[in-house]
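Enquirer: Here are the chains, one letter per residue:
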Amino acid sequence: MDIPYTVKPRPDTGLFNAKVGIWLFLASEVMLFGGLFSSYIFLRVAADASTWPHGLLNIPIGTFNTAVLITSSVTVVLAWASLKLGNFKKFRMYQAVTILCALGFLGIKSIEYKDKFTHYEVWMKPGKTLNVHGADVTRVTGHLEGSPWFWETKTLAQKNLQEVTFYPDDHHYATPRVKHAGGAGGAEHSTGHAAMKIPVGDIKRLSAFVPKHSTYFGIYFTLTALHALHVLGGAIVIAFLWGPGGKLWRTQPERFTNRIEVSGLFWHFVDLVWIFLFPVLYLL
Amino acid sequence: MADAHSHAHPHTHPHTHSGGDAHAHAHDVSKHVKVYIAVFLGLLAGTVVTVTMYYVHFENMAVTITIALFIATVKAFLVAGFFMHLISEKKTIYAVLAATAFFFAGMMYLIIWGRGEVPRGTQYWHGRNTEQPVDVRR
Chain Z
19 MDIPYTVKPR PDTGLFNAKV GIWLFLASEV MLFGGLFSSY IFLRVAADAS
69 TWPHGLLNIP IGTFNTAVLI TSSVTVVLAW ASLKLGNFKK FRMYQAVTIL
119 CALGFLGIKS IEYKDKFTHY EVWMKPGKTL NVHGADVTRV TGHLEGSPWF
169 WETKTLAQKN LQEVTFYPDD HHYATPRVKH AGGAGGAEHS TGHAAMKIPV
219 GDIKRLSAFV PKHSTYFGIY FTLTALHALH VLGGAIVIAF LWGPGGKLWR
269 TQPERFTNRI EVSGLFWHFV DLVWIFLFPV LYLL
Chain F
278 MADAHSHAHP HTHPHTHSGG DAHAHAHDVS KHVKVYIAVF LGLLAGTVVT
328 VTMYYVHFEN MAVTITIALF IATVKAFLVA GFFMHLISEK KTIYAVLAAT
378 AFFFAGMMYL IIWGRGEVPR GTQYWHGRNT EQPVDVRR
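Which chain is which? The protein sequence lines are Z and F, in order. Residue numbering for the first sequence follows our numbering, starting at 19 and increasing by one per position. Residue numbering for the second sequence follows our numbering, starting at 278 and increasing by one per position.
Chain Z with its partners taken away, still in its complex shape (with noise of 0.2 angstroms):
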């Protein structure tokens, strides 16, 4: 039996079924990501100044990202206008680029991912204090020796260590901004300060950048991660209608087209989802 409607379209909606259907299931994203977004209002309003880290994410390469996303946006509207003028050719063309463009974006994330889980804070103990550039603290973010993975404090039990060597960033978020001070995202390498010993005895608490070092990496995290799924779930689509899935376009080239189209529209909503993330988890 043949699926009705996957070129004619309906007569009540005026439309073909698939796309009546992309719609809905759109609807349900925008739910889905603004639950989100909205428990991200919730908790930045409520925390306390102190608690909220500001420029800990590299803006340089958040912003080619989007820029990478943009660009994968315009080749599959692009893609799918070839497939209008029968321009088979030229379809894949732009979809390749559409499929370099999501891995790129999945590599440059998993590297900014990667500097989160080998990139920590150091809280000490009451009446224990850290010189750091000339002042003395009680919290402090930089890098371990060898930029270990995921250590927490019971790491350093665990490994029997009796004081650790530190490479202490120039700013720790909670401190009031300098204006134009190291401009932004200064936090992110710090390896050109001398390196510190703090003895294992002192510090109350060790995490790396994961989601449980804070409500801000917690809400980061699950919103990135959630979108960098959606992602690698349309590049897989992508790729499918690139590859053995373009066999339609010779039977049913229209048929073929539809479906291009219904790809996009979720690749669109995708890129939709990172303009907002992008300035507010970056910038904001």
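Calculated from the structure, these hints are not laboratory results. It is possible that some hints are incorrect.
Claimed, not checked - The calculated lysine to aspartate or glutamate pairs, modelled on DMTMM-like cross-linking and capped at a C-alpha distance of 25 angstroms, are:
1) Z:Lys107 to F:Glu336
2) F:Lys368 to Z:Glu47
3) Z:Lys26 to F:Asp305
We have chain Z already, so just place chain F on it with the hints.
Expert: Chain F in isolation, oriented as in the chain Z frame:
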């Protein structure tokens, strides 16, 4: 309505590619390709403006947030309007999106409502402003 428009000219509007008129005229599609490129450049420009603004550092955080979200909204309209063809769609899709907008707005209202329901005795009771950064270098 764009809907009525597409009924009036079923074969001259490439955005009504809902199946039946899939053979849009090459001329129209080419014209739209130019629009897509323009939108693409607009999106890149919006990104550059947003990021530049961050480096400029407005004294007032509210101004920064407002401008950044305004630019993001404009970009969202560009993507939804042109790449997703929402400027000329069928009524069914507008109806679906109207329902979505209603529930989305309701969900966002829950935040405002929730703000008033803070447990008594916590530091946010009385809506105290705690924007003052805490100096950790003590």
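Enquirer: Are F:Lys368 and Z:Glu47 close enough, with their CA atoms no more than 25 angstroms apart?
Expert: holds (20 angstroms)
Enquirer: Does F:Asp305 sit within 25 angstroms of Z:Lys26, going by the straight-line distance between their CA atoms?
Expert: holds (21 angstroms)
Enquirer: Decide if the proposed pair is consistent with the structure: Z:Lys107 and F:Glu336, CA atoms, cutoff 25 angstroms inclusive.
Expert: violated (52 angstroms)
Figure legend: structure checked against the earlier numbered hints; the only hint not met is number 1.
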